[in-house]
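Chemist: Spelled out from the first residue to the last, the chains are:
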Amino acid sequence: KQEVTQIPAALSVPEGENLVLNCSFTDSAIYNLQWFRQDPGKGLTSLLLIQSSQREQTSGRLNASLDKSSGRSTLYIAASQPGDSATYLCAVLWVNTGKLIFGQGTTLQVKP
Amino acid sequence: GAGVSQSPRYKVAKRGQDVALRCDPISGHVSLFWYQQALGQGPEFLTYFQNEAQLDKSGLPSDRFFAERPEGSVSTLKIQRTQQEDSAVYLCASSLPGADTQYFGPGTRLTVL
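Taken in sequence, the protein lines are chains Z and C. Residue numbering for the first sequence is 158 to 269, as defined by our numbering. Residue numbering for the second sequence is -17 to 95, as defined by our numbering.
Honestly, I wouldn't trust all of these hints.
[Said to hold, decoys possible] In silico lysine-lysine, PhoX-like type, Cα no more than 20 Å apart, as pairs: (1) Z:K158 x Z:K268; (2) C:K(-7) x Z:K199; (3) Z:K158 x C:K60; (4) C:K60 x C:K39; (5) C:K(-4) x C:K39; (6) C:K60 x C:K(-7).
No lab work stands behind these hints, which were simulated from the structure alone. Here the structure is a predicted model, which means the values were calculated and not measured.
For reference, chain Z alone in the conformation it holds in the complex (with noise of 0.2 Å):
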């Protein structure tokens, strides 16, 4: 079964700190990774996009890395802002379904 996990599932952190969101999945044939972010009450807005055949992306204070043979991929924030504060999610498209697939989220909190 093609299933995504995410953990932590929250994150608590103080403004300026640089932090690491974890997404595991199984079944390396994936076509494309994302991240999603979700802020309450609203839907959801892609950061980042990584093809299968790349191993990251980047946008802004933003890294995204991606490890197919092990089926993970990390979301790397640098200088975390309050303004950073969202559930962030990761969604993968698998070659043969045509489908998203979403972890269940990481709640991250920063403080001022």
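The hints should help you fit chain C onto chain Z, whose structure is shown.
Modeler: Same frame as chain Z, but now just chain C:
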């Protein structure tokens, strides 16, 4: 341009009532997806349309759930005889054909009392 819109944003229903949730995708987006997100969980796939054709409905939890997209644009997700376990946020997403990125709407929060 306008993004994906959903209505209503909030819906409260009594157990046993029928509800209809609407999704307006981005103009020109051929693909449309519905997801169900329970509290504290990630979204779970319900169904997928390409134009008016429903190509995958494997995620619909029961035959009380029905989705349609008759003209290949606006889609409606209907839930008959709602039950408390149907309480969730229902998200709609659209994308261009063959595109990697899905664009999500704000969701409809359904509460069944």
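Chemist: None of the hints should be skipped; say for each whether it holds.
Modeler: Quick rundown of the hints versus the structure:
A threshold of 20 Å between alpha carbons decides the hint, and for K158 of chain Z with K268 of chain Z the separation of about 38 Å lies outside it, so the pair is violated. With a C-alpha separation of about 15 Å, the suggested pairing of K(-7) of chain C with K199 of chain Z holds against the 20 Å cut-off. At roughly 28 Å between alpha-carbon atoms, K158 of chain Z and K60 of chain C are farther apart than 20 Å, so this suggested pair is violated. Proximity of K60 of chain C to K39 of chain C is assessed by CA-CA distance (about 13 Å); at most 20 Å being required, the pair is judged to hold.
For the proposed pair K(-4) of chain C and K39 of chain C, the alpha carbon gap of about 26 Å is over 20 Å, so the pair is violated. A distance of roughly 13 Å separates the Cα atoms of K60 of chain C and K(-7) of chain C; the hinted pair therefore holds under the 20 Å criterion.
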